[in-house]
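Residue numbers (the numbering used here), protein chains in the order written: chain Z, 1 to 419; chain F, 1 to 263.
These aren't lab readings, by the way, just hints derived from the structure by calculation.
Hints may be right or wrong, so weigh each one.
[Said to hold, decoys possible] Cβ-Cβ distance ranges computed for the label pairs, FRET-style:
# : chain 1 : residue 1 : chain 2 : residue 2 : range
1 : Z       : 84        : F       : 232       : 52 to 60 angstroms
2 : F       : 138       : Z       : 77        : 57 to 65 angstroms
3 : Z       : 148       : F       : 239       : 54 to 62 angstroms
4 : F       : 125       : Z       : 142       : 23 to 31 angstroms
Since the structure is predicted, the reported quantities are computational estimates derived from the model, not experimental observations.
Glycine included, C-beta positions come from ideal geometry on N, C-alpha and C.
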Amino acid sequence: MNRPALIVENVGKAYVQYGSELRRVARWFGASTRPISEHWVIRNISFRVNKGESLGIIGQNGAGKSTLLKMITGTTRATEGQIAVDGRVSALLELGLGFNPELTGRENAIYSAGLMGLPRDKIEKLIPWIEEFAEIGDYFDQPMRTYSSGMQMRVAFSVATVVRPEILIVDEALSVGDAYFVHKCFKRIREFREAGTTLLIVSHDASAIQTLCDRAILIDGGRLMLDGDPQQVLDYYNALIAEKENSTVRTTRTQQGAVATESGTGEAQFDALQLIDSDGEPVEYVTVGQAISLRAKVRITAPVQQLVFGYMIRDRLGQPVFGTNTHHTGQVCLDLEPGDSVEVLAHFPANFGPGSYSISVALTDADTHLVKNYQWRDLALVFTVSNVAQAKFVGTAWVPPRIEVSRSVGRGDAFAPSP
Amino acid sequence: MSQLMSAAWRYRGFIASSVANEFKARLKRSRLGTAWVVLQPLAQVFIYATVLSNVLAAKLQGVNNKYAYAAYLVAGSACWSLFVEIVQRCLTVFIDFSSLLKKIQFPRITLPMIVIGSASVNNVALILAALGILPILGFYPNWNLLWLPVLMFLTVALATGFGLFLGTLNVFMRDIGQVIPIVLQFWFWFTPIVYPVTIIPEAMRKFLVFNPVIPLVVGYQNVLVYGTAPPHGLLWVGVVAVVLLSVSMLLFRRASAEMVDVL
């Protein structure tokens, strides 16, 4: 299992421009013309992926991910360096590429399979499998223009994965389609992986990277920044993004020109707000059930009679998931003077379903913020939960059950009480 | 070169199904479907026949038949439409399929081959229609008809040589795609398709040798209308076709690596 399926060695890609296109043509036939400009999209990229390993490729838009993938699939050639691929590469890049809307799903499936290089007789044998996996019923023999985008995706995915490739490239493409089919796709991808297919996954979806990948690489500005554990790479990636947005973060913190989601009179202010793990390290990606803490440092700038700290966790649609405050927990701070500071630590297990959540925080003087609102911040923190260790479940809450299943042998009497 | 060909051979099923798909798609879009493949060139013939027959029909020598001019037009157009369809579609084929070329790895040579396939099928359909119509007009086929596959093959080879050469360059220099349709218009009128070669002034005839399509067009006319063998010069057309094909294949292979970068 430890033979590399993909070796990328010192690869670089430059897009070159010539004084005129005629010079480019002349160069193919041996003339020595120098390009007037060279634009290196990526350079000095080296990594190898073993058989059956799955690698996440992370990077911002324009970082060079697609160029790298194009070179691995072989549609474009590397300007320098070498790419060695052992076996067939299949890419779920843009599903449904090349489909003719006038033709039926079946005809398009045959066409696409042909494009993948499968011989005709093999395609004939595989078509029933494709039809079965796509599960679109009679639509399979209807023109594709009558399909919804989800149905098109079903056919496209079914064709692209009908033969197990040695390397499967999964792009954002999977985000289309209904949950049922997406689940089915992931199941097939997992099966491939168990059978030894190498996965290359490009996604902005942190939980997909975390659940599917053994390793991740981070590409930024055309360079390989980091190669390692997915969690580590994701954290680094987020730090990288945060660094780019640094200036805005600071103005928010120093209260110069409050942003729309912030309000309050300012007698008490948040100095720092963090989500930390049990080691006290800041986290943004947490796993289901992980013990985490919300830490708030509050600075007092004017006398405050009572101080209540509250927080609310919302799901990605903004629906409240959980919220409480120190009034309800009976931990109100009384008679604070300017210069004082308060630190609040709210420890809780991340019993949430996979997805993205935000935390809003508030400093008030009573139960509600309507009486006196010192500071209120919406979307103060964002974190992502992914399910790596628990049995699969859906929903925003993790309510671990203990399920008992008892079985009795039927004796023809359907309503016989079980022993 | 052999690499290119073996790749194309591996994808033969794909090429065949793509050609078939083109017809299926056309059939679904319009009621007469595939019939348009034949009806369109015949309509062209009808237009030329109506407009030009009084001017040019009398110039046709050696045939005493009032439909001679129409038959002459059918034969010439059959050759020209094959030539022009391949050249024009090869010209833009890589650009038309740019999204596919950028995302999916497959032998690019299959694209012009699909063009050749569907143009040839179109042409065979047209020839079959012509062979149905010509006897009604009083032109019966004879053994010289066996030349037709040879003529078609040479036409395809010549057109592919031109088309692949220009189509490859067109990816990098898009002006070519604009200029060539105009050039083809000129070329059409500089080829004896709607007029007999005899009306060209004697002084100009020596330049005709530079137009490699002429022996083919005249060949089609000879075989289909006059029932005679094609003119001399087919060998020369063959040489031109082979040279063009080799040059364009070489160009295509060199350009292949950079093609996706500029699409």
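Checked hints:
1. Z:84 x F:232: 52 to 60 angstroms: 55 angstroms, holds
2. F:138 x Z:77: 57 to 65 angstroms: Since the Cβ atoms of residue 138 of chain F and residue 77 of chain Z sit about 59 angstroms apart, the hinted range of 57 to 65 angstroms holds.
3. Z:148 x F:239: 54 to 62 angstroms: 55 angstroms, holds
4. F:125 x Z:142: 23 to 31 angstroms: Holds: the Cβ-Cβ distance is about 28 angstroms, inside 23 to 31 angstroms.
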